[in-house]
Amino acid sequence: MAVVSGPPPYPDTRVAQPRPGQAVGFFTDSSICIGCKACEVACKEWNHVPTDGFNFLGSSYDNTGELGANTWRHVTFAERPAAPGGGDGQMRWLMNSDVCKHCASAACLEVCPTGALMRTEFATVVVQEDVCNGCGYCVPACPFGVIDRREEDGRAFKCTLCYDRLKGGMQPACAQACPTQSIQFGPIEELRTRARRRLEQLRQEGRKEARLYGVDGSDNEVGGLHAFFLLMDEPGVYRLPTRPATTTRDLPAMWKAAAAAAGALAAGVLLAFAGKGR
Amino acid sequence: MSSSEGPFLKAPLWKPEIGAYLFSGGLAGASAVLAFVARSRGNHRLARRALLTAAAGAAVSPPLLISDLGRPERFHHMLRVFKVTSPMSVGTWLLSGFGAAIGVAAASEVLGVLRPVGLAAEGAAALLGPGLATYTAVLLTDTAVPAWHQAHRELPFVFAGSAAASAGAAAAILTPAEAARPARRLAVLGAAGELAAAAAMKRRLGALAQPYEREPVRRLDRMAQSLSITGAAILGLLGRRRPAAALGGALVLAGSICQRFAIFRAGFDSARPR
Ligand code: SF4
Ligand code: SF4
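Sequences listed follow chains A and B, in order. Note that the working numbering gives residue 41 to position 41 of the first sequence, counting from 1, and the numbers run on in steps of one. Note that the working numbering gives residue 10 to position 10 of the second sequence, counting from 1, and the numbers run on in steps of one.
Hints are computed from structural coordinates only; laboratory data are not their basis. Given the structure is predicted, the values throughout are model-derived calculations rather than measurements. Think of the CB as a built atom: it goes at the ideal place given N, C-alpha and C, for glycine as much as any other residue. Just so you know, not all the hints are guaranteed correct.
What the hints assert, rightly or not - Okay, the calculated beta carbon distance ranges per label pair:
1) Q210(B) to E79(A): 48 to 58 angstroms
2) R203(B) to A260(A): 17 to 27 angstroms
3) N63(A) to E73(B): 29 to 39 angstroms
4) R249(A) to P273(B): 37 to 47 angstroms
Said to hold, decoys possible - Straight line, CA to CA, 25 angstroms or less: simulated DMTMM-like cross-link-like pairs of lysine to aspartate or glutamate:
5) K83(B) to D250(A)
6) K15(B) to D219(A)
7) K44(A) to E200(A)
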């Protein structure tokens with residue numbers, strides 16, 4: 001891993017406690033992630049998420065694979081040449097703890113036909129387990145491939161941003177467990193300020209490759225992420241799509257096309273009866 | 001050497017039952033329109049058969065949909081809400097309304113009772129039919145799957161054509177040839193529309209149409225084309241003879257089924273290129 005030099009990234013350790021009704025989220029700063037997977041473990045423990053198998057994936061230190069019904073935090077590992085072009089054979093290790101983005105415009109929620117997926121008072125996106133009937137529509141709707149169905153259970157599951165802990169005035173388990181402040185929890189607005197300040201700091205240290213991902217709506221078409229990231233390379237390196245979009249933004253065009261096609265179908269039937277005969 | 005590269009979507013979970021429903025729902029919706037127009041033109045033999053086909057298509061659809069759920073016993077949770085942002089929600093209500101109307105219409109037709117009610121129900125089903133046949137396109141395109149989503153302008157027309165072709169073909173098989181002329185014409189028109197719209201869809205998709213060039217989708221897609229073209233040609237040219245009508249109709253139906261499954265499967269490969 002590249003050495004992080006300069007002043008400590010977050011001298012003001014504590015993020016403000018969110019007030020009830022305030023939008024909250026995660027800011028995940030990959031530049032200080034050490035790949036310990038404490039977040040993955042804490043999430044599983046707190047949320048009673050079943051095992052996702054003890055697999056050896058042969059892909060760096062990542063044996064988790066991807067987010068899914070039984071993986072709500074996923075630490076991605078990427079081994080990349082330290083210098084662009086990779087001249088001296090030095091490697092750098094890029095780690096990032098991925099999670100549901102709790103999109104401002106969430107496709108999973110919009111397509112859910114039962115209303116099981118809902119927006120909470122914290123502006124997070126949560127599946128109501130007693131409502132979901134496992135139709136699976138949310139799964140291909142998510143532009144990040146986050147939500148999935150737990151096959152032995154039949155319902156869809158994903159990160160709840162520890163809804164139960166939020167209601168109890170606690171921060172999510174992953175943020176609590178993270179030993180480096182790579183995962184920060186708090187009111188979105190404050191996290192945005194922190195993220196931009198941190199980017200500024202890294203840039204001043206000459207880390208030109210640092211960039212923010214999803215901090216607002218400028219690099220995506222999901223209206224901004226409520227779980228956004230500071231990355232040290234292209235998003236694809238971290239399993240993140242370059243320009244994610246909420247499918248439902250095209251819904252007016254889709255319904256219009258369907259209505260036109262329905263009209264064409266009716267016209268076609270009338271046409272079949274045109275002319276002589278019956 | 002990273003965790004993974006490439007598109008990171010989850011593939012749809014839908015089983016082949018949903019592919020089959022794309023066909024049965026389309027067949028039902030278009031048949032209801034055919035029945036209604038035939039009735040209004042006084043072609044009662046054609047109307048009766050198209051109506052019963054529509055009822056059969058509507059009857060098999062809910063079991064197909066419910067069996068695909070992770071929790072089938074909770075199917076009625078679909079009826080808690082109505083959401084235009086969820087084509088599955090819209091479709092649930094469309095199919096419920098259509099099913100009720102076509103059920104009443106078919107019962108009245110078969111039993112010969114309550115004819116005014118039956119005819120009104122037939123009209124209601126004909127009103128909902130085109131929507132039932134085309135909303136399924138939005139069901140697929142309202143996802144992040146590139147080969148579906150990026151085809152959102154053309155896919156409803158593919159499905160409308162496919163539905164018209166199958167409704168015409170089924171009626172051409174079931175109806176005495178002298179009363180089946182509009183059905184044969186509908187099958188030919190529908191097949192032409194389906195093929196033209198599918199070609200336009202692939203042009204629009206450009207590089208995203210790649211799943212259509214790989215097995216198993218490629219074979220399904222080619223079969224859809226040759227079956228539809230051959231079937232439509234037989235229906236159009238020789239359809240006045242019953243055996244030829246039966247053969248041509250069967251080929252068009254098979255072509256329509258292949259078309260649905262090609263598009264259905266293409267989405268899986270598009271979300272998770274192998
Ligand atoms: S990342 Fe996917 S699962 Fe999470 S809120 Fe957005 S659309 Fe839903
Ligand atoms: S699987 Fe459950 S949460 Fe997902 S869309 Fe269907 S009902 Fe909603």
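Here is what the structure says about each hint:
{"no.": "1", "hint": "Q210(B) to E79(A): 48 to 58 angstroms", "in the structure": "violated (29 angstroms)"}
{"no.": "2", "hint": "R203(B) to A260(A): 17 to 27 angstroms", "in the structure": "holds (18 angstroms)"}
{"no.": "3", "hint": "N63(A) to E73(B): 29 to 39 angstroms", "in the structure": "holds (36 angstroms)"}
{"no.": "4", "hint": "R249(A) to P273(B): 37 to 47 angstroms", "in the structure": "violated (24 angstroms)"}
{"no.": "5", "hint": "K83(B) to D250(A)", "in the structure": "holds (15 angstroms)"}
{"no.": "6", "hint": "K15(B) to D219(A)", "in the structure": "violated (34 angstroms)"}
{"no.": "7", "hint": "K44(A) to E200(A)", "in the structure": "violated (34 angstroms)"}
Hint violations for this structure: numbers 1, 4, 6 and 7, all remaining hints satisfied.
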